[in-house]
Amino acid sequence: MGKIIAVHSYKGGTGKTLLSVNLAATFAKLGKKVCLFDLDFRAPSLFAILKVDEAECWLNDYLNGACDINKVIVDLSSRIPGNGKFFAALANPATEAIRDMSAKDRKWEMHALGRLLALRNTLLNDKEFDYLVFDTSPGLQYSSINAIVTADFVVVATTGDRSDVDGTRRMLKELYNLFEKKTGLVINKVLDPTSKSRKDEMDKRVKNVYQVPMLGLVPCFCEILRAEGNLIFVQDKPNHPFTKILDEMARKIDANEVN
Amino acid sequence: MTREEILGKKPLHLLEKIKENLERLNEKMEVMIELQKHGHKDSQPLPDASLDVMTLLSMPDHLRKTAMTICRCGRATAEEVSQQTSRARAVESAYLNQLVIMGYLRKERKGRKAYFYAERDSQG
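If you're matching them up, the sequences are chains W and C in order. Residues in the first sequence are numbered consecutively from 1, following our numbering. Residues in the second sequence are numbered consecutively from 1, following our numbering.
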């Protein structure tokens, strides 16, 4: 049976989308059948990164109960090397759709949770997907908590920013723990990660502050900034250190090594 | 049906009815015990008692586990929930009934089995 992975963070700008896209692409590269979901309905971005202009239906429509999930997922396997399958379910980027999603009430969010939970049957069981990767919106919002509740594993993206460290620590204790979720921490945009003192500092922080397993340490790569969201790094730059880090993360998740 | 057959079936039917009533009584007792154990304040329903994620977050830990299991399963008996949570069936039965009283879950009887579910019309 496949797994649902949610990529979440306390603050915005921690690299969730970069991690989600590249983690999903890495799984596909390993021969897995993957679907990447854009659950950031307030700031959809996957349509632009994956360069998909049109979709028969958006993820918004599925959550609204207006269509089947099969009409939402777009097959992008031809863009990924190897035998893997890569699909995407995109959020509607139109301003009207963003406004509509922001105005949903508690009852609707409860139905949306039911629709997300149903993906376990429709995609993991029936369509035999190996991984569903949820790119979420940051912080404590309905859409992101729905994604966390649905997920089997949460990749928590964080940076060295003081407010992010504190917020992430609280979220680990007061959100993921309450829902008994398995988590793996990714510290992103780390400056000078090869120096021993920096590494020791990060290890100490993970052990004392976060108290959860570390999934990966991602240095601040200028090439990623320069790419301006135009590249799927693990696909376009197979020998880049970032690709190697993502390979290791995917391997750890696949082998259930994050405990 | 002969007179003997009717007479033979009646006590059995009565016994089944008594057993069913005892089971219901037992469920009610379990709820009362749990309410006393955790205090009545946990059981006050919200004005709009929907089982959404924010409600799940604000629930006491012992009820959240049960409610989460129903969210995942969609519809389940106390026995099925207890298999998922590794807690005793009687404990889950009490928590489920408590969630029904709080207005978060609905309960439906089918024969001798009681099914619990969150009122949500779309599960697929």
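Any given hint could be a false lead.
What the hints assert, rightly or not - With a Cα cut of at most 20 Å, we get these calculated SDA-like pairs of lysine to any residue:
no.: 1; chain 1: W; residue 1: Lys-181; chain 2: C; residue 2: Leu-63
no.: 2; chain 1: W; residue 1: Lys-181; chain 2: C; residue 2: Cys-73
no.: 3; chain 1: W; residue 1: Lys-207; chain 2: W; residue 2: Pro-238
Don't read these hints as lab results, they were simulated from the structure.
Under the criterion that the straight-line Cα-Cα distance not exceed 20 Å, is the pair Lys-181/W, Cys-73/C satisfied? holds, 17 Å
Is the straight-line distance between the alpha-carbon of Lys-207/W and that of Pro-238/W 20 Å or less? At roughly 32 Å apart (the allowed maximum being 20 Å), Pro-238/W and Lys-207/W break the hint.
For the pair supplied as a hint, Lys-181/W and Leu-63/C, confirm whether the alpha-carbon distance does not exceed 20 Å. holds, 16 Å
Against the hints set out earlier in the document, a violation occurs for number 3 only.
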